[in-house]
Amino acid sequence: MAERDLEAMLARMAANKVNRRSFLATSGLLGTSAFLAACSGGGGSASAAPSAAASAAASTGASAAPAGDVESELFVYNWSDYISPTNIDAFKAEFGVDNFVYDIFANNEELIAKLQGGASGYDICCPTAEYVPGMVEEGFITKLDMSRIPNAATMNPAFQSLWWDPNNEYLVPKDYGTTGILWRNDLVTAVPESWQAFKDLVVGEASGKTVMVDSMGDVMVFPLKLLGYSLNSEVESELEEARQILLEVAPHVLALDSDTYGDKMANGEASLTLGWTGPLGQELADLVTAGTAGYSVPSEGTLFWMDAWVMLADAPHPNAAYEWLNFIQRPEVQAEETNFNLYATPNDAAKEFVDPAILANPAIFPPDDVVASLEGAKDLSGSAQRLDIWEEFKSAIGG
Amino acid sequence: MTAEVTHDVMEPAKPGRLRNGLLTTLLVGPAALWYVVLLVLPLAIVVIFSFGTRAKNGGYEPGFVFDNYIRALERPDPFIASLAMASAGAIGCLLVGLPLAYFIATRAGKRKSLLILLLVVPFWTSFLIRTYSWLIILGPDNGLAGVLGGIVGDEDFRILGTPVAVLIGLVYGYLPLMVFPLYVTLERMDRTLIEASKDLGAARWATFRQITLPIALPGLVTGTILVFIPMMGEYVIPQILGYGRTYLMGNALVTDFLEARNWPSGSARAVFLIMIMFATIAGYLWFVNRGRQARDVSVL
Numbered sequence: 001m002a003e004r005d006l007e008a009m010l011a012r013m014a015a016n017k018v019n020r021r022s023f024l025a026t027s028g029l030l031g032t033s034a035f036l037a038a039c040s041g042g043g044g045s046a047s048a049a050p051s052a053a054a055s056a057a058a059s060t061g062a063s064a065a066p067a068g069d070v071e072s073e074l075f076v077y078n079w080s081d082y083i084s085p086t087n088i089d090a091f092k093a094e095f096g097v098d099n100f101v102y103d104i105f106a107n108n109e110e111l112i113a114k115l116q117g118g119a120s121g122y123d124i125c126c127p128t129a130e131y132v133p134g135m136v137e138e139g140f141i142t143k144l145d146m147s148r149i150p151n152a153a154t155m156n157p158a159f160q161s162l163w164w165d166p167n168n169e170y171l172v173p174k175d176y177g178t179t180g181i182l183w184r185n186d187l188v189t190a191v192p193e194s195w196q197a198f199k200d201l202v203v204g205e206a207s208g209k210t211v212m213v214d215s216m217g218d219v220m221v222f223p224l225k226l227l228g229y230s231l232n233s234e235v236e237s238e239l240e241e242a243r244q245i246l247l248e249v250a251p252h253v254l255a256l257d258s259d260t261y262g263d264k265m266a267n268g269e270a271s272l273t274l275g276w277t278g279p280l281g282q283e284l285a286d287l288v289t290a291g292t293a294g295y296s297v298p299s300e301g302t303l304f305w306m307d308a309w310v311m312l313a314d315a316p317h318p319n320a321a322y323e324w325l326n327f328i329q330r331p332e333v334q335a336e337e338t339n340f341n342l343y344a345t346p347n348d349a350a351k352e353f354v355d356p357a358i359l360a361n362p363a364i365f366p367p368d369d370v371v372a373s374l375e376g377a378k379d380l381s382g383s384a385q386r387l388d389i390w391e392e393f394k395s396a397i398g399g
Numbered sequence: 001m002t003a004e005v006t007h008d009v010m011e012p013a014k015p016g017r018l019r020n021g022l023l024t025t026l027l028v029g030p031a032a033l034w035y036v037v038l039l040v041l042p043l044a045i046v047v048i049f050s051f052g053t054r055a056k057n058g059g060y061e062p063g064f065v066f067d068n069y070i071r072a073l074e075r076p077d078p079f080i081a082s083l084a085m086a087s088a089g090a091i092g093c094l095l096v097g098l099p100l101a102y103f104i105a106t107r108a109g110k111r112k113s114l115l116i117l118l119l120v121v122p123f124w125t126s127f128l129i130r131t132y133s134w135l136i137i138l139g140p141d142n143g144l145a146g147v148l149g150g151i152v153g154d155e156d157f158r159i160l161g162t163p164v165a166v167l168i169g170l171v172y173g174y175l176p177l178m179v180f181p182l183y184v185t186l187e188r189m190d191r192t193l194i195e196a197s198k199d200l201g202a203a204r205w206a207t208f209r210q211i212t213l214p215i216a217l218p219g220l221v222t223g224t225i226l227v228f229i230p231m232m233g234e235y236v237i238p239q240i241l242g243y244g245r246t247y248l249m250g251n252a253l254v255t256d257f258l259e260a261r262n263w264p265s266g267s268a269r270a271v272f273l274i275m276i277m278f279a280t281i282a283g284y285l286w287f288v289n290r291g292r293q294a295r296d297v298s299v300l
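Chains as they are written, first to last, in this note's numbering: chain A, 1 to 399; chain B, 1 to 300.
No lab work stands behind these hints, which were simulated from the structure alone.
Take the hints with a grain of salt, since some may be wrong.
With a straight-line Cα cutoff of 30 Å, these simulated DSBU-like cross-link-like pairs (lysine-lysine) come out [claimed, not checked]:
id: 1; chain 1: A; residue 1: Lys351; chain 2: A; residue 2: Lys143
id: 2; chain 1: A; residue 1: Lys378; chain 2: A; residue 2: Lys199
id: 3; chain 1: B; residue 1: Lys198; chain 2: A; residue 2: Lys143
id: 4; chain 1: B; residue 1: Lys198; chain 2: A; residue 2: Lys378
id: 5; chain 1: A; residue 1: Lys92; chain 2: A; residue 2: Lys351
id: 6; chain 1: A; residue 1: Lys351; chain 2: A; residue 2: Lys199
Here's a subset of chain A near chain B, in silico, CB distances under 7 Å, partners left out [what the hints assert, rightly or not]:
id: 7; residue: Glu109
id: 8; residue: Gly134
id: 9; residue: Met216
Cβ atoms here follow ideal geometry from the backbone N, Cα and C, with glycine treated the same way.
Based on the sequences and whatever the hints tell you, model everything.
Spelled out as structure tokens, the structure:
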């Protein structure tokens with residue numbers, strides 16, 4: 001029975017094109033436009049235009065509806081394939097929001113670059129939580145009136161009051177996931193359950209067959225957690241120890257690749273990947289069914305990322321936005337989200353409605369003790385020492 | 001009245017000169033505007049940014065510091081790797097492109113147009129798709145690496161993820177930019193010069209060195225520069241075919257701008273890159289022209 005459920009789940013996964021975290025190839029291309037958009041903002045001249053529809057919304061939204069009246073439009077700026085179409089349709093029907101616009105960005109940098117470039121007209125967007133404090137400082141987003149989002153009351157406390165929003169004022173958790181180890185147990189003799197085991201394999205039998213995602217924040221988790229430090233460490237000596245570990249494994253790394261690592265695992269070029277869970281339901285789906293591919297959350301602890309709903313400061317449709325934020329936290333609706341995009345919901349009340357096979361998958365819903373060991377990432381992209389380590393590592397990989 | 005008539009008669013050319021001036025302005029204006037808006041202004045912004053500091057949440061904050069240049073100097077690996085890779089790529093393009101251009105220009109006869117067309121056709125497909133297709137061609141399963149590995153008996157023999165794969169990708173991607181300038185110069189070459197050289201007893205190599213090569217030199221120089229410049233900033237090929245293991249300038253700029261969101265640092269590197277390219281190309285032209293001075297012909 002469990003097997004049939006798993007099969008059904010995998011079929012759904014395969015049909016799904018959710019690629020929340022494999023954005024590198026696109027970001028390389030979109031990055032250019034983001035850069036240009038942001039440049040124009042920096043130069044103080046023209047602003048980056050959001051979609052034409054969103055601009056139109058900004059102008060019509062100027063005549064704000066009286067509080068309480070739900071506007072007939074809502075403009076959401078989000079990752080691609082990240083909201084269930086079923087939920088969108090249900091919301092439109094129930095609240096009479098005829099014009100639900102769902103624009104997409106490829107990564108947080110693009111979202112922020114657009115906002116820095118002066119994009120307006122959006123009501124809601126979904127950055128990763130560590131970017132929220134910066135958005136608050138820049139005045140992009142507004143405080144939420146939590147009394148208008150009663151359905152968020154059943155949120156798991158583990159995902160609330162975190163450093164990025166200590167007083168739970170600005171964001172509503174959307175879903176979360178981890179950075180860990182993808183493995184092929186037919187290509188390595190032991191499944192790595194810890195960062196130490198991962199390192200031993202990388203310099204040993206998986207030498208030349210290990211991929212890491214091309215993301216500074218995620219790769220740095222491995223040496224720091226292996227050493228028993230916080231993944232957000234800014235202590236110089238700790239980071240230098242981490243540098244030595246990275247330089248030690250560098251010659252053994254096959255690829256830095258956030259985009260096609262699933263393919264490399266599937267065709268056997270790679271036997272290990274430091275990465276995310278996305279490929280389990282896509283490129284690796286058949287192997288997962290066959291029991292030869294899987295994902296470990298390392299025992300020393302690892303990073304969890306959490307995406308969040310936030311409301312923009314100049315949201316033209318605040319009432320519709322509040323209705324949406326509350327609607328999406330209804331247990332059944334929230335469960336449908338997880339069933340659709342295969343990322344774990346942080347809303348406890350929703351769990352009983354989630355597909356049992358998905359709920360039982362430790363790669364998607366880690367057990368409670370593992371959740372307790374997870375650490376949220378800070379945005380440390382400004383650290384000169386980290387950047388220097390990352391660049392030396394990248395240069396050392398090529399030998 | 002009389003005075004006016006005299007005036008007209010005396011300076012008949014003036015309205016014409018005015019019209020010429022207006023015409024010149026109209027003709028040159030768009031190009032000048034183009035240069036200012038799309039070249040000078042962005043370049044000025046990059047230079048200004050390069051002295052700034054990273055804003056707290058990323059981006060640019062005005063300032064006047066040299067830290068960004070110091071950092072660029074402290075981590076020169078991507079510069080060196082890019083210089084080496086672009087030089088190797090330019091030489092590779094030349095080694096493949098010169099015989100090809102020579103063949104099309106002198107030996108292809110009626111098939112000339114067809115061959116030129118075949119060179120252009122791949123450009124109709126996305127650069128990204130063409131680069132991805134090399135993953136299959138060079139791949140370890142049924143690709144070149146698999147076949148070669150089978151011959152030497154090394155299962156783990158690989159091309160993808162090595163500098164060789166990046167080099168192959170570069171030569172493939174930029175070859176037409178080398179072939180076309182070479183083709184144009186060789187096509188105009190006076191064939192009787194070669195006959196004369198042979199009549200005078202020169203061997204094939206001597207003819208090539210003393211007749212064909214000097215004639216092809218302007219095209220060769222143009223082609224080399226055309227392929228060298230974009231190769232210095234290449235980002236996609238090392239990322240896809242090099243598996244992100246060959247860390248070139250383009251990749252370093254992506255790290256600066258998108259990962260670290262440190263625009264001043266990225267700008268300083270970009271300015272460095274521009275200066276290095278200027279220096280390299282100036283040195284190259286000086287070297288080529290020095291060789292040509294004996295024959296009293298200048299290139300560019």
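So, going through the hints one by one against the coordinates:
The hinted pair formed by Lys351 (chain A) and Lys143 (chain A) meets the criterion: a straight-line CA distance of about 27 Å does not exceed 30 Å. Between the alpha carbons of Lys378 (chain A) and Lys199 (chain A) the distance comes to roughly 24 Å, so the proposed pair stays at or under 30 Å and holds. Note on Lys198 (chain B) and Lys143 (chain A): the hinted pairing is violated, with a Cα-Cα distance of about 86 Å set against a maximum of 30 Å. Proposed proximity of Lys198 (chain B) and Lys378 (chain A) is contradicted: the alpha carbons are some 74 Å apart, above 30 Å.
This hinted pair checks out: Lys92 (chain A) and Lys351 (chain A) have alpha carbons roughly 24 Å apart, not beyond 30 Å. Distance hint between Lys351 (chain A) and Lys199 (chain A) is unfulfilled; the C-alpha atoms sit about 35 Å from each other, more than 30 Å. With 7 Å as the threshold, the beta carbon of Glu109 (chain A) comes within range of chain B, its nearest partner Cβ sitting at about 5 Å, so the hint holds. Checking Gly134 (chain A) against chain B by beta carbon gives a least distance of about 4 Å; that is within 7 Å, so the hint holds.
With 7 Å as the threshold, the beta carbon of Met216 (chain A) comes within range of chain B, its nearest partner Cβ sitting at about 5 Å, so the hint holds.
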